[in-house]
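Residue numbers (the working numbering), protein chains in the order written: chain C, 1 to 187; chain Y, 1001 to 1085.
Treat the hints with care, as some may be off.
To be verified - Derived SDA-like pairs: lysine to any residue, alpha-carbon spacing no greater than 20 Å straight-line:
| id | chain 1 | residue 1 | chain 2 | residue 2 |
| --- | --- | --- | --- | --- |
| 1 | C | 126 | Y | 1015 |
| 2 | C | 126 | Y | 1056 |
| 3 | Y | 1039 | Y | 1013 |
| 4 | C | 126 | Y | 1050 |
| 5 | Y | 1070 | C | 51 |
What the hints assert, rightly or not - Stretch-level coverage of chain C by chain Y, calculated; a stretch enters the list once three of its residues show a Cβ under 8 Å from a Cβ in chain Y:
| id | stretch |
| --- | --- |
| 6 | 35–41 |
| 7 | 44–53 |
| 8 | 148–154 |
| 9 | 162–172 |
Hints in this document: simulated from the structure, not taken from any laboratory.
Virtual Cβ for every residue (Gly too), placed ideally from N, Cα, C.
The residues making up each chain are set out below.
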Amino acid sequence: MATTADLELTPDRVFREYAPRVYNLARRMLGNDSDAEDVTQDVLLQVVRKLDTFRGEAAFPTWLHRVTVNAALAHRRKRARREEGRVADPLDNFDNDGHHVGHVRPWPSNPESNVLASEQAELIDKTIQTLPDIYREVFVLADIEQLPNSEIAELLELSVPAVKSRLHRARLMMRDALSHHFEERKS
Amino acid sequence: MNVTCKQVAELLADYLNEELESEQKNLLDWHLCGCVPCKIYLVQYREVIITCRKLPDAPLPTEFSSRLAKLLGCKEPPPQEPPTE
Chain C
1 MATTADLELT
11 PDRVFREYAP
21 RVYNLARRML
31 GNDSDAEDVT
41 QDVLLQVVRK
51 LDTFRGEAAF
61 PTWLHRVTVN
71 AALAHRRKRA
81 RREEGRVADP
91 LDNFDNDGHH
101 VGHVRPWPSN
111 PESNVLASEQ
121 AELIDKTIQT
131 LPDIYREVFV
141 LADIEQLPNS
151 EIAELLELSV
161 PAVKSRLHRA
171 RLMMRDALSH
181 HFEERKS
Chain Y
1001 MNVTCKQVAE
1011 LLADYLNEEL
1021 ESEQKNLLDW
1031 HLCGCVPCKI
1041 YLVQYREVII
1051 TCRKLPDAPL
1061 PTEFSSRLAK
1071 LLGCKEPPPQ
1081 EPPTE
């Protein structure tokens, strides 16, 4: 059973147990390392200053998650609009009759293994970074962070149908990008 | 009435979430029975969702980790290894 000492939040414990989580969430939401470092630093400094408030607080991870998401969103709003590469509309890969243009080939390996190979994880992380901001943040919050659509809608000030629509589009973009990657690797 | 491959792609999320009207679901089921590219497309769409759920966190970059530890006044060395599953 956990003792009070086990539950006590210290700067060391916050750094050791939570810094990678905060950093990865920020990096995935913002799509670049430098912005993620800024957000991680701001969030953790804020946390360490308020540690007394959270001593033994079971809801700390949830609070920290929320603070990180809000900090990442605020950071994106205030930063200069990044030049984004154009991502093709996945629904352009169909002809006028609604058929697939080109072949749809199976991927070489099944990513549904229990442990995600580090190379594969890196590929997926890189692919997420190529998504345009508005799709990436919905995708990260829904498919990686597992937040319900209603909560994402609240965080992003969107309607639930808009969240669902962006999420679907983001997944199609991810599928296309991963397919292109596997096709290129084969050739 | 038939659905096209493009319509299947547009409806995949609702299909997987079982949010389609039964008539529309039957049309998609029928299409997926006979269309290999759409079957592969569906499997890959689902794999994107499943795979991203277990995406591990990468370790902090070394230089940033040292800087952050110093800023937070930590005595312990920064974590270097990604968490294991």
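* Asked: Tell me, which hint numbers fail for this structure?
  -> 1, 8
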